[in-house]
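Undergrad: Protein chains in written order, with the working numbering: chain P, 1 to 636; chain B, 1 to 160.
You may find that some hints are simply not true.
[Said to hold, decoys possible] These stretches of chain P come out as covered by chain B in the derived footprint (C-beta under 8 Å, 3 or more residues): (1) 78-92; (2) 264-277; (3) 283-291; (4) 368-377; (5) 467-475.
[To be verified] Derived contacts from chain P toward chain B, CB cut-off under 10 Å, selection only: (6) Ile54; (7) Ser56; (8) Val60; (9) Pro62; (10) Lys118; (11) Gly197; (12) Asp198; (13) Ala228; (14) Ala229; (15) Asn383; (16) Gly384; (17) Glu408; (18) Pro479; (19) Arg483.
FYI, nobody ran anything at the bench for these hints, they're computed from the structure. Because the structure is a prediction, the values reported are computed rather than measured. Glycine included, C-beta positions come from ideal geometry on N, C-alpha and C.
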Amino acid sequence: MLLGNANVGKSALFGALSGRYVSVSNYPGTTVEVASGVVGRNGSSRALLDTPGIQSLHAVSPDEVVTRNIVLSGDPGAVLLVIDAKNLQRGLLLALEAGEAGIPIVVALNMADEADRKGIEIDVPKLSALLGVPVVRAVAPRREGIEEIRTRLGHAAPIRLRVEYPPAVERAVERVGEVIGGSRPASRLAALLSLAGDDALLTDLSVAGHAEIAVLREALGFELGLPAASVIQRARLEAARRTAAEVLRRRPTAESLPERLARLAIHPAWGWPILGLVLYAVYLFVGVFGAGTLVDFFEETVFGGWINPVVTSAVTRWIPIPLIADFLVGDYGVVTMALTYSVAIVLPIVSTFFLAFSLLEDSGYLPRLAVMLDRPFRRMGLNGKAVLPMILGLGCDTMATMTTRILETRKERIQVTLLLALGVPCSAQLGVLLGMMAGLSTAAIAVWAVVIVGTMVAVGALAARLLPGTSSDFILELPPLRRPGLVNITLKTLARVEWYLKEVIPVFVIGTAILFALAGTGALSVIQEALSPLVVGWLGLPVEATEALLVGFLRRDYGAAGLFAMARTGGLDFVQITVSLVVVTLFMPCIANVLMIVKEYGSRVALAVVAVVFPLAFLMGGLVRLFFQAFPGLFS
Amino acid sequence: MQCPLCSFEFEPRSGCSTSCPFGSGCNLVCCPNCGYQGVDPERSRLAGWVQRAISRFTGPKPVHATGPSGDGGRIALSRLDLGIDATVVDLSAMSPARALRLGAFGLSTGAHVRLVQRRPVPVLRIGETDLGLESAVLDEIQVVPGRRETDEPSGRAHAH
Chain P
1 MLLGNANVGK SALFGALSGR YVSVSNYPGT TVEVASGVVG RNGSSRALLD TPGIQSLHAV
61 SPDEVVTRNI VLSGDPGAVL LVIDAKNLQR GLLLALEAGE AGIPIVVALN MADEADRKGI
121 EIDVPKLSAL LGVPVVRAVA PRREGIEEIR TRLGHAAPIR LRVEYPPAVE RAVERVGEVI
181 GGSRPASRLA ALLSLAGDDA LLTDLSVAGH AEIAVLREAL GFELGLPAAS VIQRARLEAA
241 RRTAAEVLRR RPTAESLPER LARLAIHPAW GWPILGLVLY AVYLFVGVFG AGTLVDFFEE
301 TVFGGWINPV VTSAVTRWIP IPLIADFLVG DYGVVTMALT YSVAIVLPIV STFFLAFSLL
361 EDSGYLPRLA VMLDRPFRRM GLNGKAVLPM ILGLGCDTMA TMTTRILETR KERIQVTLLL
421 ALGVPCSAQL GVLLGMMAGL STAAIAVWAV VIVGTMVAVG ALAARLLPGT SSDFILELPP
481 LRRPGLVNIT LKTLARVEWY LKEVIPVFVI GTAILFALAG TGALSVIQEA LSPLVVGWLG
541 LPVEATEALL VGFLRRDYGA AGLFAMARTG GLDFVQITVS LVVVTLFMPC IANVLMIVKE
601 YGSRVALAVV AVVFPLAFLM GGLVRLFFQA FPGLFS
Chain B
1 MQCPLCSFEF EPRSGCSTSC PFGSGCNLVC CPNCGYQGVD PERSRLAGWV QRAISRFTGP
61 KPVHATGPSG DGGRIALSRL DLGIDATVVD LSAMSPARAL RLGAFGLSTG AHVRLVQRRP
121 VPVLRIGETD LGLESAVLDE IQVVPGRRET DEPSGRAHAH
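Construct the complete structure from the given sequences, taking the supplied hints into account.
TA: Set out below in structure tokens:
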């Protein structure tokens with residue numbers, strides 16, 4: 001298995017070793033589930049697990065629990081401990097902790113090229129001799145050191161270097177070991193973690209004796225005059241520091257351009273114009289180029305000029321049954337509606353967004369965004385760390401809901417899940433929204449932005465007060481800014497486009513089939529009439545918008561695409577476009593998102609989220625319409 | 001604080017009533033002795049802002065590595081000037097959970113740190129790790145300006 005701190009290149013190493021692509025990013029929290037692959041060849045292959053990055057084996061967040069439990073299982077196989085070569089001392093801290101488990105380890109000093117550039121030289125043979133395990137220098141994207149790691153995995157050994165704790169700690173470890181069972185695998189590590197206060201560990205190991213261990217911990221703290229956790233941590237840090245000092249030499253280097261940019265990106269003054277430039281560049285690429293130029297080409301030329309006429313003509317000629325022909329190329333046809341919407345309108349937009357997002361991810365800018373947005377997020381009862389899942393939500397809300405695991409408390413996780421479902425548009429929807437905005441005045445766009453941000457802040461702040469539980473500290477590591485790798489960006493964008501095609505097109509087809517059935521049986525008119533007070537009376541939209549809102553229940557980008565198509569053909573005026581924008585932005589993202597919330601937090605939370613989101617979307621949409629009615633000449 | 005009505009001294013942090021869902025953001029405090037509802041200036045954003053603005057001119061200045069310092073040279077990290085190396089000497093004001101979390105990044109007593117910036121959030125450099133932190137955490141970290149080596153017996157490593 002791969003083990004290491006967050007953002008040390010585990011996923012890149014996993015890809016290089018196994019040949020299997022997993023999402024690689026320049027920010028912590030990319031891996032929230034264990035991925036598996038195969039390493040080796042010629043009959044000597046073995047399974048390889050990529051685990052979520054951890055700060056230490058004292059698990060705080062659920063993704064850290066996953067990793068800690070694999071280590072404590074006693075049978076993780078050979079462990080490839082990945083260390084950022086630029087940050088040896090911190091990597092050694094984890095190595096010494098993992099060493100307490102007695103598991104066989106090989107150390108990979110990854111990102112060695114970056115260490116070179118920073119003037120950091122590590123005596124690899126000496127480090128290997130001190131630790132008593134193979135140590136390999138590696139640069140995963142260049143496949144440097146990969147073959148050596150493959151070979152050395154067969155020579156993995158337990159770390160020989162042991163931290164010398166005060167005698168009182170050693171006595172307490174022995175006694176806690178007896179309580180949790182001395183024959184248990186990795187019992188020394190489990191005892192140290194328990195003494196340091198990891199109570200959840202005992203529950204995970206199904207060990208009784210919480211009270212006895214708490215007494216031992218208290219007594220130890222009393223004897224040492226400091227909390228046991230502090231003494232253990234301090235001893236380990238000191239050992240890591242001394243070991244690093246023995247093998248590490250540093251040459252003075254000048255500040256590089258990426259280092260200067262990294263500093264400016266979080267500068268109290270320069271950080272904001274940089275943030276504005278980044279957002280504007282994304283808007284130009286996705287909103288103007290993707291949603292404008294590319295959508296025009298695909299919708300009008302590719303589908304409108306080539307595909308639809310050819311397919312319609314072929315279907316009319318070869319399929320004599322009107323019902324089937326209509327299902328393929330009619331008003332609610334699979335080709336003329338589902339494929340046109342999903343491929344001609346949404347695909348170009350999401351592709352450009354995925355590309356822009358991959359660039360941002362790999363550059364290391366996202367954690368800096370978290371720093372810049374910490375204060376605004378505090379107004380929603382969260383901290384800057386919540387920016388990461390929210391930004392990921394701009395890619396896909398469903399995946400982002402899973403990424404809320406990087407947040408430390410359940411309260412924060414549910415808060416962010418609610419806000420993701422409420423007002424963070426996914427890439428597909430964001431692109432369509434940007435396209436709809438192109439026809440609006442700046443003032444109308446400002447109304448939309450104020451309503452969405454205001455609703456998010458109000459709901460977030462209210463949820464922070466009403467949800468039970470505590471919030472966590474804002475402690476976030478800032479990785480260095482890096483030039484994104486072309487191969488990784490391409491692979492990542494293609495992987496996301498593939499995901500989109502696989503997941504979204506079937507939903508669009510199903511939605512179209514439902515609309516086709518409803519229209520064919522006359523039920524669509526009945527529903528439109530039934531919803532007329534809400535859609536026409538309250539929101540002030542044309543009755544045809546009901547179709548878009550209906551399919552919006554399946555996926556809100558599908559609903560947005562329908563409204564986008566209406567707006568492009570002049571079916572909506574600017575007030576109706578703004579109202580549509582508000583309603584569809586505040587809709588539930590999609591059925592998959594609801595199912596993910598059920599999976600992560602249970603059906604009660606999912607139901608509560610749905611019960612908040614839908615009524616609020618319609619309420620805010622209606623209020624915006626009333627606002628425009630009250631000030632008719634102000635925004636035209 | 002002291003109750004303006006009955007002069008009873010009490011800890012105002014608990015707020016009016018913990019059962020109130022709006023309690024955490026409320027500036028009002030209730031005297032546990034007589035129930036009088038008063039204002040805690042320390043909880044007011046506006047008062048806090050004015051207080052900070054005043055203290056910029058009249059309060060203690062940030063300490064330089066070679067400058068004056070109090071208790072054996074020990075100061076809160078929040079008072080350290082930007083870009084100056086310091087050695088962590090005390091984390092006892094910090095909760096064990098928070099200390100443990102920061103310890104995983106290498107922040108423990110004896111660690112060498114440097115404050116890189118204060119706003120929009122403080123950024124602390126520990127070795128090669130840059131950490132964004134909330135301001136309240138800095139107040140709990142006591143440092144001595146300059147790099148000092150620890151000479152404590154614990155923390156040695158030995159090979160088995």
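Undergrad: Are any of the numbered hints broken by this structure? If so, which, sorted upward?
TA: 3, 9, 19
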